[in-house]
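**Student:** One-letter residues, chain by chain:
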Amino acid sequence: MATSPILSPSLTTYELLRQHGVSRRQFLSFCAMTAASLGLDAKEVPRVVSALETKPRLPVVWLHGLECTCCSESFLRSSHPIAQDIVLNMISLDYDDTLQAAAGHQVEQIRKDLVERAKRGEAEYVLAVEGNAPTRDGGVYCTVAGETFLDVLRETAAHAKFVIAWGSCASNGCVQAAAPNPTGAKPVHECITGKPIVKVPGCPPIAEVMTGLLTYVLTFGRLPELDRIGRPKMFYRQRLHDKCLRRSFFDAGQFVESWDDEGAHKGWCLYKMGCRGPTTYNSCATFKWNGGVSWPIGSGHGCIGCSEEHFWDDGPFYERLANVHLPGIETTPQTIGVTLAAAAGAGIAAHLAGLAIQRARSKSQAATEKANTNSEMEV
Amino acid sequence: MDVLAQSRRRRLYEPVLVWQWPIRIFHWVFASAITVLFVTGIYITHPISNATGEAGGLSRMATVRTIHFTAAAVFTIAFFWRVAWFFLGNRYARSGFPQLWLPSWWRSFLRQAWNYLRHDYRDVHLGHNALAGLSYVIVPVLGGAFMMGTGFAMYGESNPGGFWDSLCGWIRPLLGGSFRTHTAHHLVAWFFLVFVIVHVYLVLMNGTQQKNGLISSMISGRKFRRIEDSQRTENDDGQGA
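Protein chains in written order, with the working numbering: chain Z, 1 to 379; chain C, 1001 to 1241.
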């Protein structure tokens, strides 16, 4: 191989794959699988093939903020045999401080040069953000090469074609933004303005969702249709609940009530064990995980809703509803409800007791004094 | 004139049509819907027991949800029916409305609260008193609007991009996602229980203390007004006096 893949954005994905020894047959099978996962018609497969054959790879700057790198880990484990090769070759990864071989000032220079060229209109790139930016105290809680991540993010986003927010951190804050959020971590859309942002939430997002999104962007040269909060509809349109293999047990009214009970053995619905399937939008029920091996609900554990906003705060994971946080108290909604109803009952009892006392008093008064006709009428 | 005046003087009470039939129908339909919604809602949140047998032949949760959704449709129709009758109905249909910008409303409100506390039921209203009016606006009206909004936002989830999702789906992100919407919907349901407890208690209390046919008025529509009270009709209530 004459050139390093990182430094040769002019090569198409197909050319690069051929260099890596991928056969045309394997390549076509990947295209067909990806097209299917994007929900494209079979006649659209040639478009995917042609895009990967002819279009220069997507130059991507991949930033890492406050995060655990599980998105990258997931991405690297894309399931299709050649996807392992294609995922990093599909894009021209011009900057990725976790994966790149180069280091130090040199690598920061690559990013700055790219931003500078884009500013002059000589280059185009897509910004992929993994993790988010702490904003408290000037953003000092996450610094890269001596700059705060917040600055790096804003500077790089300013000239990007569009922004991909990988994972729950970038999309909605995830654990570092959970209460009490000591570093003031904010998801990408709260840090930058004026750029199209596509959110790919999940902790991590499913590898096929990530590669699927990139394939779509490369094939059609635009972002896919997004839902209300900026997620690609093709992957986040439906709740897990609506495609769940245990759904028939939900509708039947058969629920697991404790781990390892009869219902758990029979594979009943995990709704009462706190499963977040009914409120979680993701593709787990479709793609599953680890190359389609299984997924949480398939393995007998409820969904924890990792692609949903606030999922860390809305605990406990094994309760049907989130606890309600009141000043000094954390309790369940039904405890609040029952307490309020009991308070109403107690108030009524006290009110009635007041009436009884009042009557007893007015009776004894009436006995001593001459009866007051008005009050007699009222009572 | 004299004859009429005499006959009026002889009677102590006269019937007054307070609740027109659309209001009475609304009341009972709405009350039934709330009852069904609360009971089925509690089951949906905490299904107390498991159905036995093959899942394929069972539909307990599905049935309860269908009943919940049907009752929700009834609730919604009744809600807007009542709102329409706020404008179309007689003066009592608007009585007690919290006119928070009027000092007279606040005086009436505070007097009513004080009267309840000391068990003074002499201040008879034909329509809603100010305190009742406020409580109706808080729980069934604002609470009801919240329940309909969140309810249909969740109903729409099973058909993304469909009618209900397009109409109400924006409420979910507003409340911090689908899960928080579920929790909020469940929490507010309990306020309806508290409302019903207090409402029924005060109806029974006023009805038995005032003896003006308050309880039966929600069936017959009529309350009884003391003749001497009717001499001062301007004061008897209409717009929250």
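Where hints are given, some of them may not hold.
Pulled a few chain C residues facing chain Z out of the computed Cβ check, cut under 7 Å [what the hints assert, rightly or not]: (1) 1047; (2) 1059; (3) 1062; (4) 1087; (5) 1089; (6) 1139; (7) 1164; (8) 1173; (9) 1176; (10) 1178; (11) 1199; (12) 1200.
Hint data in this document are derived by calculation from the structure and do not stem from the laboratory. Every value quoted in this text rests on a predicted model; they were computed, and no experiment measured them. Here a beta-carbon is modelled for each residue, glycine too, at the ideal position from N, C-alpha and C.
**Student:** Should the interface hint for residue 1173/C be scored as holding, given a Cβ-Cβ cut-off of 7 Å against chain Z?
**Tutor:** holds, 5 Å
**Student:** Using Cβ atoms only, decide whether residue 1047/C comes closer than 7 Å to chain Z, and label the hint accordingly.
**Tutor:** holds, 6 Å
**Student:** Should the interface hint for residue 1089/C be scored as holding, given a Cβ-Cβ cut-off of 7 Å against chain Z?
**Tutor:** violated, 29 Å
**Student:** With 7 Å as the cut and Cβ atoms as the points, is residue 1176/C at the interface with chain Z?
**Tutor:** holds, 5 Å
**Student:** When the nearest CB of chain Z is found for residue 1059/C, is that gap smaller than 7 Å?
**Tutor:** holds, 6 Å
**Student:** Taking the closest Cβ pair, is residue 1200/C under 7 Å from chain Z?
**Tutor:** violated, 10 Å
**Student:** Using Cβ atoms only, decide whether residue 1139/C comes closer than 7 Å to chain Z, and label the hint accordingly.
**Tutor:** Interface hint status for residue 1139/C: violated (12 Å vs cutoff 7 Å).
**Student:** Closer than 7 Å between Cβ atoms is the bar; does residue 1164/C clear it against chain Z? Give me holds or violated.
**Tutor:** violated, 14 Å
**Student:** Against chain Z, is residue 1062/C within 7 Å by beta-carbon distance?
**Tutor:** Holds, about 4 Å.
**Student:** Against chain Z, run the beta carbon of residue 1178/C and see if the smallest gap drops under 7 Å.
**Tutor:** holds, 4 Å
**Student:** Mind checking the CB of residue 1199/C against every CB in chain Z and telling me if the closest is under 7 Å?
**Tutor:** violated, 10 Å
**Student:** Holds or violated: is the Cβ of residue 1087/C closer than 7 Å to a Cβ in chain Z?
**Tutor:** Where the cut-off is 7 Å and the nearest Cβ of chain Z is about 32 Å from residue 1087/C, the hint is violated.
When held up to the earlier numbered hints, the structure conflicts with 4, 5, 6, 7, 11 and 12 and fits the remainder.
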